[in-house]
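Undergrad: Chain residues, written in single-letter form:
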Amino acid sequence: MQAEATIDSLPVPHAHSEPSAGKVGMWIFLVTDALSFGGLLIGYASLRSWSPTWPVPSSVLDIPLTALNTFVLICSSVSMVLAVSAAETGDRKSVIRWLGATVAGGLCFLSIQAYEYHHLISGGLSLSSSLFGATFFTLTGFHGAHVASGVLYLSTLLCGVLAGKFVGHGDSHIEIAGLFWHFVDLIWILIFTFVYLV
Amino acid sequence: MQITPRVKLYLAIWGALFALTIAEVIITQVGLGKSTVLAGLIVMSGFKAAAVGLFYMHLWWEKAWLGAVALSPFAFTALFAVVLILENGR
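Protein chains in written order, with my numbering: chain A, 1 to 198; chain B, 1 to 90.
Bear in mind the hints are in silico, worked out from the structure with no lab data behind them. Don't be surprised by glycine CBs; every beta carbon is placed ideally from N, CA and C. Be a bit skeptical, because a hint or two may be false.
To be verified - Taking lysine to aspartate or glutamate pairs in the DMTMM-like style, the calculated list, with each CA pair at most 20 Å apart, reads:
hint : chain 1 : residue 1 : chain 2 : residue 2
1    : A       : Lys165    : A       : Asp91
2    : A       : Lys23     : A       : Asp171
3    : B       : Lys8      : A       : Asp91
4    : A       : Lys23     : A       : Asp33
5    : B       : Lys63     : A       : Glu18
6    : A       : Lys93     : A       : Asp171
Unchecked claim - So the derived list for chain B, only partly shown, Cβ under 10 Å to chain A, looks like this:
hint : residue
7    : Thr4
8    : Leu38
9    : Ser45
10   : Ala49
11   : Ala70
12   : Phe74
Isolated chain B (complex conformation) (with noise of 0.2 Å):
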């Protein structure tokens, strides 16, 4: 199989996303402060997400509106959080 700049690239995001998994567990057993250990897993797993869809999916490369479509779910999903939230707030 040749080598082309899009192989390359796929295979740098590998690496990225097996630094990030492991950089994960690294994160939770170091004894950092609870708040700090949830953002960083936030922010790396939302890198590992969007590498994932980005790249591998072709939402890089695809036409707006369907990365609209995809992005979606996290906009629902979120709005699912919110209405959870305020309603055991009453």
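For reference, chain A alone in the conformation it holds in the complex (with noise of 0.2 Å):
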């Protein structure tokens, strides 16, 4: 109770107002990309338990370099937040020492999972090999996917950071930017969980 109202008390701007039309706007978007995760998981989840001949993911996947990608991408997440609270006090060189670290995260993220996949397909796992190879690359692709478009928005909102643009006066860019991008490292931790470890 007593952490509920310290957690409460937080001073988070814009705390229990009504949602910005932006804000409102991208969390539609995020329903909808979930959706079609939701989807892709359920058809993995069918075809898993339908299947007679799967592997067992560990075989074949290399868990410690996911969990060290899965790192990765949560210390992404830590970086966009601080940017978001930095946005908010006006510290644009903060803003800018995040962002290029979320960046980073991102662009580190997608170099371990192509190699990754470089790995994978050297061994004869493609999307045609088996019903677990197709189900693999199409979730993982699709969230690679989201990972790329996610550093070139956010390096589209750097490069405005650093033209003056974004930060203070409650301009609510860069945190829309950054519901974008905890949506695609919740959404990693979902796939890391189920087709990595389950």
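Fit chain to chain and form the complex, with the hints in mind.
TA: Put into structure tokens, the structure is as follows:
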């Protein structure tokens, strides 16, 4: 009860006020996007449960490497939320630093994923090799495309911040971009658990 | 950058996400029963997803209706799963 009261008292701008049109628009997009991922995850689970020959994921996939990649994405989520926090206080230098760190985290995630794909494809796993391959590459590839578009989105914002835009004066561009980035992180948490670990 | 109580909360959640990710990997490798592992993974990933949604996406401080909108894909996905299971049972 006391913890709830403490969290409630933290100074978050616009707390419990009506969200801006831009924020509602992003949330509506995220809901539709989440439905796409939901369909893909349910499709993966259905095919896995109906298939008589499904490999144990840990025997095919590199779990420690992907755990490291998950950590990279979690770190980029923290840097994103710190960028949002800095933007609200008008701290342009910190926004540039944290937004840059978030873009770097996204690029690092994509590089590790490209290495993983290269390793798996060299080992004979592809979109057409098996049901596992088809669902694995579709799901992780769709997510990877989101990370790539997020990197592009945040890089554009970073250029804007460097040009003197998007910081302070109630501007919510960075907060809205943060929603997209955290969504990408949230979806990866589920993919890592249900595709790599289960 | 100033270390405000809010920044401390963000860093505490980062620590929890890191610890839960490690715990998820460990639980799959210590030889527990399949259903125990599955239950543990569902609970831990649920906690991680909820922490990101509530605190990093600020749903904790948003209007309740926006939280309901954010939760709606989970309900629709569950409905989709139930329909698939029922169809498969025919």
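Undergrad: Would you list, in rising numerical order, the hints stated earlier that this structure does not obey?
TA: none
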